[in-house]
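*Asks:* Residues per chain, in single letters:
2 protein chains.
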Amino acid sequence: MVKASSRLFSLLLRLLAAAATLCATVIMATSHDSTTLFGLTLDAKFQYTPSFKFFVVANAIGCGYSLVVLFVPPTSSLSRLVIVLDVMVAMLLTAAIAAAGALAQLGKRGNSHAGWLPTCGQIPSFCHHVMGALICALVGVVAYLLLLLHTIHTVLTPLFP
Amino acid sequence: MVKASSRLFSLLLRLLAAAATLCATVIMATSHDSTTLFGLTLDAKFQYTPSFKFFVVANAIGCGYSLVVLFVPPTSSLSRLVIVLDVMVAMLLTAAIAAAGALAQLGKRGNSHAGWLPTCGQIPSFCHHVMGALICALVGVVAYLLLLLHTIHTVLTPLFP
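These protein sequences, in sequence, are chains Z and V.
Using the numbering used here, read the first sequence as starting at 1 and increasing by one per residue.
Using the numbering used here, read the second sequence as starting at 1 and increasing by one per residue.
One or more of the hints may lead you astray.
It does not matter which identical chain is meant; a pair holds if it fits inside one copy or across any two.
[To be verified] Below 27 Å or equal to it, Euclidean Cα-Cα: the simulated DSSO-like pairs (lysine-lysine) are:
1) Lys3 to Lys53
2) Lys3 to Lys108
3) Lys3 to Lys45
4) Lys108 to Lys45
5) Lys108 to Lys53
Derived by calculation from the structure, the hints in this document are not laboratory data.
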């Protein structure tokens, strides 16, 4: 009974992580805005920023992995590999949020010391998309963190009763 | 015998992580450069960039934690908490590298689409410090990743012989 509910819990967390990372990927990948400054049309796309490209790739990997791993039976010999990959995917998604978040913060506030002006005033729709993608990705990371804590709990309980 | 060598291995990894994160904190915290542009003196300090401040704080936490946890005996009831904190510190250090790395890349290459010019040409010493700090922090993250893989291996081996 406990085992079934524990399995259901991790299944739901994986589905949540898959949905959240899929949202993050789609929202970031469809972000687009343009503005006209001094007669020039400036485009804003995620492809123009390496951190946002990394964010899309990392979340797509996180989504694909979360879906594939649903089909690994919990008693299979692959379970140990799944725990290792869970740790790596959690770190990958964390890195993606941090890198994209750093650039989003810069777009919002700018950095006067480096002479980098904020850009969100000119391209608000792009900035809102990025913010939405970051929130989705954060849900995915929290799901993975809970998944890892759940794994630690279920694996270690027999050892430290 | 196996247990003693396993304990020694994780001890060495924690010492490596502590040394690497200490180096990363000190190198980033002491990074400073200034340049004169059009008669104005421009300063470059880590405090001027939120991502670099986060990097220093995260690595200082990582260093302090790595040292404190050396005094937790492996058979104590705190062992489970140590594994949970290991996961969180690994994610924190990953986020710090990603955020600082995103800004370092921007400083080096700039982003013509956003109108952000590269700054490393003007403040090379600051950029070299940041690069050194990132390499040290990367060593710290790899040490934590190995530590987690080692924990997974030693904890799960009795369950999946």
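*Asks:* Confirm or reject each hint.
*Replies:* Each hint tested on the structure:
no.	hint	in the structure
1	Lys3 to Lys53	neither (39 Å within a copy, 44 Å between copies)
2	Lys3 to Lys108	neither (47 Å within a copy, 52 Å between copies)
3	Lys3 to Lys45	neither (46 Å within a copy, 53 Å between copies)
4	Lys108 to Lys45	both (16 Å within a copy, 20 Å between copies)
5	Lys108 to Lys53	both (19 Å within a copy, 18 Å between copies)
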